[in-house]
Structure formats: C-alpha cells, structure tokens
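Residues in the sequence shown are numbered consecutively from 1, following the UniProt record's numbering.
Just so you know, nobody snuck in bad clues.
With beta-carbon atoms standing in for the labels, derived distance ranges:
1) Y5 with I61: 35 to 43 Å
2) E62 with N84: 16 to 24 Å
3) E57 with Y83: 15 to 23 Å
4) V53 with S87: 15 to 23 Å
5) K40 with K94: 32 to 40 Å
Keep in mind that the hints were calculated from the coordinates and are not lab data.
Every residue gets a Cβ at the ideal spot worked out from N, C-alpha and C, and that includes glycine.
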Amino acid sequence: MRRCYKAFLDLNKALDINPLDMATLLYLGEAYFNHGHYNKAFHCLGRFHEAFVDFNEALKIEPNNIDILILRGEAYLNLEHYYNAHSDFDKAIKILPQM
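Model the full structure from these sequences, guided by the hints.
What follows is the structure, given as structure tokens:
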C-alpha cells in the first residue's frame, strides 16, 4: 500500500511540474480508478478531451509513433470509444513488425 501511495505522490508531483502531461494524467486517472477513487479518476479523465488535440498534432508529425498511438488508444478506452481505441491499437500492432 505504501508503494501505491508513493506512486500517487510521484504522479501528482509530475503534474505539478507539467500539468498538461497527458501520459501522467492517464496513469494517474487509471491509478485512482483502480483504487476506488472515482471522483479523482473522473477529474483526470475529463482532461482526456484536451489530450486528443496534443495526440492528433503529434501524430501529424509522426504518424507511426507507437507510444502516442497507444496513449491515444488508452484515452479512447477510458472514454468508452472502443472503435477508435481498437483502430489505434491495431495500427500500433501493424507498425511493430516493421521495427
């Protein structure tokens, strides 16, 4: 349990440094949700809409960036946009053999 508490502290500290870091928001939201802190999780999830602007811009520059595709796919999953999540994950899987 102490490790979880430390993870929450570290993730929140990372957000203090860069409040627009969507990967940190994603992980923090998932951590809150997995530990039953639903209000805090939904606060983080509410910011996923903002993340899509950044993800989409990044993918315009690097359309085959697996990390961004996976992060955007996870954001889609959290918003229950399953078709879009599947599309991003599928594209990431297709890129993997090329690496």
